[in-house]
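There are 2 protein chains.
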Amino acid sequence: MEMNKVITISREFGAGGHTIGTRVAQELGIPFYDKDIMRATARESGFDIELIEKEQEDESKLDQFWKSIAAYSGGSGNYHDTQKAIHDLQKAIILEFAQKGPCVILGRCADVTLRQAGIECLNVFVYADDVHRAVRVGEMIGSTNATQIQKLMSKKDASRHNYYNHFTGQRWGDSHNYDLSLDSGVLGYDLCVELIKKAACEAE
Amino acid sequence: MEMNKVITISREFGAGGHTIGTRVAQELGIPFYDKDIMRATARESGFDIELIEKEQEDESKLDQFWKSIAAYSGGSGNYHDTQKAIHDLQKAIILEFAQKGPCVILGRCADVTLRQAGIECLNVFVYADDVHRAVRVGEMIGSTNATQIQKLMSKKDASRHNYYNHFTGQRWGDSHNYDLSLDSGVLGYDLCVELIKKAACEAE
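Here the protein sequences come in this chain order: A and B. Counting in the numbering used here, the first sequence runs from 1343 upward without gaps. Counting in the numbering used here, the second sequence runs from 1343 upward without gaps.
To be clear, the hints were calculated from the coordinates, so they are not data collected in a lab. It is possible that some hints are incorrect.
Said to hold, decoys possible - Think about it this way: if two alpha-carbon atoms lie no more than 27 Å apart in a straight line, the pair counts; the simulated DSS-like pairs of lysine-lysine are: (1) B:1433 / A:1347; (2) A:1540 / B:1540; (3) A:1497 / A:1377; (4) A:1493 / A:1347; (5) B:1347 / A:1540; (6) A:1493 / A:1377; (7) B:1540 / A:1539; (8) B:1539 / A:1347; (9) A:1539 / B:1539; (10) A:1433 / A:1539; (11) B:1347 / B:1433; (12) B:1433 / A:1539; (13) B:1433 / A:1540; (14) B:1377 / B:1426.
Construct the entire structure; sequences and hints are all you get.
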């Protein structure tokens, strides 16, 4: 299959979005970018997002960071919100990835960033019911402790919902934000991979 | 392709759900049921929904209808809400259709009715942006009057949203209510038909 699009995948925790996204990229022979690759890219550019996230309580350490982010973003303003600054940096990195050519980008509101920039992309949302997600999360963390799994799911869900709603002004999980939304619990991972590839290669 | 599922299609006005659903049914060689067929079936059973909808202001004419609906639904209660009674009749008809075998059922909250009844089905939502829908609605009603098109879209959207939210308690357009949600404006009708067929035939 041939295609010239950027594919963004937003996903619920435990719905297999990472696995599905990796396979789509592999099978189409295009790069796959997730949070880890985004952090590594930021680090290469002189920013260590993970470190900054941990150290954000120490204002003195952040001064230099704000200035460098402001310069990177081409602005001259002062940033007083760590999350906003990191989000802006992620936007810049997402646009860099997308401009290199077809790829799969996971999470980080890439769908909205690319749409706002007028870059052609296929925006996919992958979700699943709680039972499928709980089983998957249990496998991921090697636990059968239901309370632990439930707490982790709630925490991650809330975090992703809040992040998306805050930075996009749109409602998380509303199908209108995406071109294609898939229940990986009902459809299965293999079929999700096939449907995304078909949609990406054949969309008008 | 072979498959043994009922496919339900919920759709926004002007998003082409009727066309897409008809084609899926034709290409899979299974029956297609829409509102008109549902009304005809109700009429064969002694109920004229369209007539009832028109005459609902005349309470005396409705008395017999309530009684017959209550009998049809196996209940003995009194119905004071026309829409609720019609909805219950539609539910009964939807279950009849689904029990006959694989088919495509359009609208009328068929997704929720079948899920509640434990009947295996693929639930699809078809939507599109306002521009694609406006062009389609203009074609449907043979008009280029933007105000007329906009008013009709708003009216139909509100009606479907309210109907779905009222009778299902779920949020219209939330991808979690469906197994597959498709933006027919981005993907095009042909691809929507192909994706639905593939999902219906290959889902686990």
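Do the hints match the structure? See the list:
1. B:1433 / A:1347: violated (42 Å)
2. A:1540 / B:1540: The given pair, whose Cα atoms are some 10 Å apart, holds under the 27 Å limit.
3. A:1497 / A:1377: holds (18 Å)
4. A:1493 / A:1347: The hint is violated at about 37 Å.
5. B:1347 / A:1540: holds (22 Å)
6. A:1493 / A:1377: holds (22 Å)
7. B:1540 / A:1539: holds (12 Å)
8. B:1539 / A:1347: holds (23 Å)
9. A:1539 / B:1539: Between residue 1539 of chain A and residue 1539 of chain B the Cα gap is close to 15 Å, so the pair holds against 27 Å.
10. A:1433 / A:1539: Between residue 1433 of chain A and residue 1539 of chain A the Cα gap is close to 25 Å, so the pair holds against 27 Å.
11. B:1347 / B:1433: Holds, at roughly 18 Å.
12. B:1433 / A:1539: Measuring from Cα to Cα gives roughly 36 Å; hence the hint is violated.
13. B:1433 / A:1540: violated (34 Å)
14. B:1377 / B:1426: holds (16 Å)
Figure legend: structure checked against the earlier numbered hints; hints not met, in rising order: 1, 4, 12 and 13.
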